[in-house]
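Chains A and B supply the protein sequences, listed in that same order. Using the numbering used here, you'd call the opening residue of the first sequence number 177 and step up by one each time. Using the numbering used here, you'd call the opening residue of the second sequence number 177 and step up by one each time.
Keep in mind that the hints were calculated from the coordinates and are not lab data. Hints may contain errors.
Any copy, or any two copies together, can satisfy a pair, since identical chains are not distinguished.
[Stated by the list, open to error] Listed next, the in silico PhoX-like pairs over lysine-lysine satisfying Cα-Cα at most 25 Å (straight line):
#	residue 1	residue 2
1	Lys442	Lys563
2	Lys361	Lys317
3	Lys428	Lys361
4	Lys317	Lys512
5	Lys442	Lys329
6	Lys455	Lys442
7	Lys329	Lys357
8	Lys442	Lys428
9	Lys516	Lys603
10	Lys472	Lys370
11	Lys317	Lys472
There are 2 protein chains.
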Amino acid sequence: MAQLQNGHSKKQLDIAIVGGGLVGSLEALYMAKRGHRVHIFEYREDIRKTPLARGRSINLALSVRGRTALRDVGLEEQMIQNHGIPMRARMIHRLDGSTYAIPYDARTNQCIYSVGRNYLNGLLLQESEKYENVERHFNHKLVDANLRKGSMKFETPGKENIDVTADLIIGADGAFSAVRKCMMKQPLFDYSQKYIEHGYLELCIPADESGGFQMPPNYLHIWPRGNFMMIALPNQDCSWTVTLFMPFTNFKTIDSEEKLLGFFEKYFPDSIPLIGKEKLIEDFFGGSPSPLVAVKCRPYHVEDRALIIGDAAHAVVPFYGQGMNAGFEDCTLLDKLFQKHHDSLAEILEEFSLTRWEDTHAISDLAMYNYVEMRDLVTRPSYRLRKAMDDFLFWLAPNFWVPLYNSVTFSTMPYSQCVKNREWQDKMLTYFIISAMSSALLGYFVMSR
Amino acid sequence: MAQLQNGHSKKQLDIAIVGGGLVGSLEALYMAKRGHRVHIFEYREDIRKTPLARGRSINLALSVRGRTALRDVGLEEQMIQNHGIPMRARMIHRLDGSTYAIPYDARTNQCIYSVGRNYLNGLLLQESEKYENVERHFNHKLVDANLRKGSMKFETPGKENIDVTADLIIGADGAFSAVRKCMMKQPLFDYSQKYIEHGYLELCIPADESGGFQMPPNYLHIWPRGNFMMIALPNQDCSWTVTLFMPFTNFKTIDSEEKLLGFFEKYFPDSIPLIGKEKLIEDFFGGSPSPLVAVKCRPYHVEDRALIIGDAAHAVVPFYGQGMNAGFEDCTLLDKLFQKHHDSLAEILEEFSLTRWEDTHAISDLAMYNYVEMRDLVTRPSYRLRKAMDDFLFWLAPNFWVPLYNSVTFSTMPYSQCVKNREWQDKMLTYFIISAMSSALLGYFVMSR
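So that you can see chain A by itself, here it is in the shape it has in the complex:
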């Protein structure tokens, strides 16, 4: 029996975390800090020992929700100071190669950070080595589980299966979660997976000859082209990870080097010298576009024995930069529930399921919508006018009028509340505009008499 600081005498729980990615390894730290025995089971090799896996986004945008979680486990400073590259604005690339910036937070100059997935994952795993009550098991693939009983079967490198039981199974095993697949056998489990008709393909802008950045680094660069777009996030080594998002049908039409170069000359001419023609051809035809899926489900738990978090519970499309942040926030909220319910699993898991889904559904819908904003709306005068009005009102009354993007990215307001706020703001603006026009008209009639 472990005696924790709040004075409650509690059982030390055996917690099995399936998935040693970003969310799983963060959750391990939270649980280790609470004094529980934690086992991480990861089906891949130890990421600290392996080169980059191709086809996975190698950098990510860290914002306030993610930072809050890292602060809780004592890693925020290290992450931000030593590694994160601040991005203060979107840098829009026009067809002619000219650019302009749209700040994320014109008022207080807050920023998001481009961080390396592997670096952050390694850092979290490394931190877990400091806890005696955490064990890591790599190359362990979940092949079956009885979630009600807390029992699992893993395939190990020697191909021998091992059986494990735990007081709590936490599935943090990503968008194609094996734990969730077991959960789907439960009655009354709502589930949806939706693929968008667009795929993505990663390219690279290398560092320049002197090892510096080829583009201004403190921006998220965007080439919005209506039905498709390209973006670039900076890396520590002064390279850029460039991602092309486009309908699969468009990818298919680009089936020769000539067509590829023609396409880039037409739509992304300024990027060709940065990427390099040869490298562009090599990377484009060396990979194939990956699909993007949004997963929604509920409930997230099975009785007092199993829970899914992160992408396993709510994979979102990447266009709000909130996938990792939402997963990290799961861990933060879960920790608060452990505190509130004194580690009583039945209550913790039920409250998490009941209270979290509305927010994750909200960010999923926002992310879906933001793709349209990023690739198309961002270039329109109506968008820029609205953004200017939002920024002005935010400057005028920062506690009263927080624009949607800012509440999602730079606050920990529940996502569903961010959406409700925006709906209210839309109504207010419509009302303002109608009032202003009515007053103007009235004034005109009065003055013209």
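On the provided structure of chain A, position chain B as indicated by the hints.
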């Protein structure tokens, strides 16, 4: 090589139908008529040899889409004449036990038919015995399949697994389809399953002492009670299958015989003497409420090798009485595509996927909405006024104004078109009403001068 009547020389295909229920056995007849070799694999015993499975709805509403399919395979007459019980109206039971009827089709007196699931399933299987090119394999459970290769593994009664390959696998294995589970491993497969918060429980009103009906038989009886309802459909033996639909949370609160009788005395007093107190208690506590799920997915096929139809592709909640009818319509449409594309599977399956999902999504949404109509709206004056207006306009201009229920139930208009029609009718009615009120107001002002 089989020489079919249209003169095209074609390969006789090996078709494996997984599921020998209503849709699977109907599809077998369609395919047998086209000259293909058909194997039905059903995981249950032969339904013709087994007593009723508890917990499955034992009667169903057959309407025009289902009848059209039965006509195609030569079974409509037999089904309607010898077995179906016509239901010409909804019979609404008020709290005080008084009733009133709402005809389904006041204009031409069309009706829906209450048919026994087992009888119809047995009839379809029996008919398949007439074809030498159909084989039935009962107690065969699909455990795995490679849909791209057309290979399947079945568990048989002796627990030995057998391997089967086919040119085409048709999954007609219901809402929890094993074929669909294999399909989910395909990339870009959209899928959703949604459970409603209501469950259902089946009760029974037996025949009276002289073997006759205890209620007027040519009606679908409804006890609408706002958030829940009870319905009854007539059976051949003059009994009624009674189904109580109610939130699971309400079911839970009825945990004693006193509470059950109190509940029925309050909400369904006229049904107690019909069901019988003892039988009510026995059936209510003998079963547990079953869940209701709606499944949507797309695409329905894998290359030129596999397809899902019926509930496997689009399980709907039962409130429009269209589940079986929509599944039968799948078979009819599929047969037309076989004709159109001369049995060329790649084209048939792709067109089915591309064209069918919009209609199945439409009927799924309609069925979800109809639950609210049946248990609540049907009792409101606004509903009865709209119904009267619809009926009048339908009588006045039967080709121009077909009410929603009639187009869904008594026509083969695509479901999505039925919905679009209704939206157009809503707009027209709003326009009529505003015009009429404006004219009346104008008239009043002119006359009062």
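**Prompt:** Within a copy, between copies, both or neither: where do Lys428 and Lys361 come within 25 Å Cα-Cα?
**Reply:** Answer is between; shortest inter-copy Cα gap is 22 Å, intra-copy 37 Å.
**Request:** Could you place Lys317 and Lys512 in one of the four classes (within, between, both, neither) given a Cα distance threshold of 25 Å?
**Result:** Cα proximity of Lys317 and Lys512: none, with 30 Å in one copy and 46 Å across.
**Message:** Checking an output row: Lys317 and Lys472, CA cutoff 25 Å. Within, between, both or neither?
**Reply:** Close inside one copy (23 Å), not across copies (30 Å); limit 25 Å.
**Item:** Intra- versus inter-subunit Cα pairing at 25 Å for Lys455 with Lys442
**Value:** Within. Shortest intra-copy distance 18 Å satisfies the 25 Å Cα cut-off; inter-copy 77 Å does not.
**Prompt:** For the identical chains here, do Lys472 and Lys370 meet the 25 Å Cα criterion within one copy, between copies, both, or neither?
**Reply:** Both. Shortest intra-copy (9 Å) and inter-copy (11 Å) distances satisfy the 25 Å Cα cut-off.
**Message:** At most 25 Å between alpha carbons: which applies to Lys442 and Lys563, within, between, both or neither?
**Reply:** The answer is neither: 29 Å in one copy and 58 Å across copies each exceed 25 Å.
**Item:** Intra- versus inter-copy proximity for Lys357 and Lys329 (alpha-carbon distance at most 25 Å)
**Value:** The answer is both: 14 Å in one copy and 21 Å across copies each meet 25 Å.
**Message:** One pair to classify: Lys442 and Lys428, alpha carbons no more than 25 Å apart. Within, between, both, or neither?
**Reply:** Result: close within a single copy only, 17 Å intra versus 65 Å inter.
**Request:** Using 25 Å as the alpha carbon limit, work out where Lys361 and Lys317 are close: within a copy, between copies, both or neither.
**Result:** both (19 Å within a copy, 17 Å between copies)
**Request:** Go through the copies and call it for Lys516 and Lys603: within, between, both or neither, with a Cα cutoff of 25 Å.
**Result:** Neither: 37 Å inside a chain and 52 Å across chains, both beyond 25 Å.
**Asked** Which holds for Lys442 with Lys329 at a C-alpha limit of 25 Å: within a copy, between copies, both or neither?
**Response** Classified as neither: same-chain Cα gap 53 Å, cross-chain 52 Å, threshold 25 Å.
Violated hints, listed in ascending order, are 1, 4, 5 and 9; each of the other numbered hints is respected by the structure.
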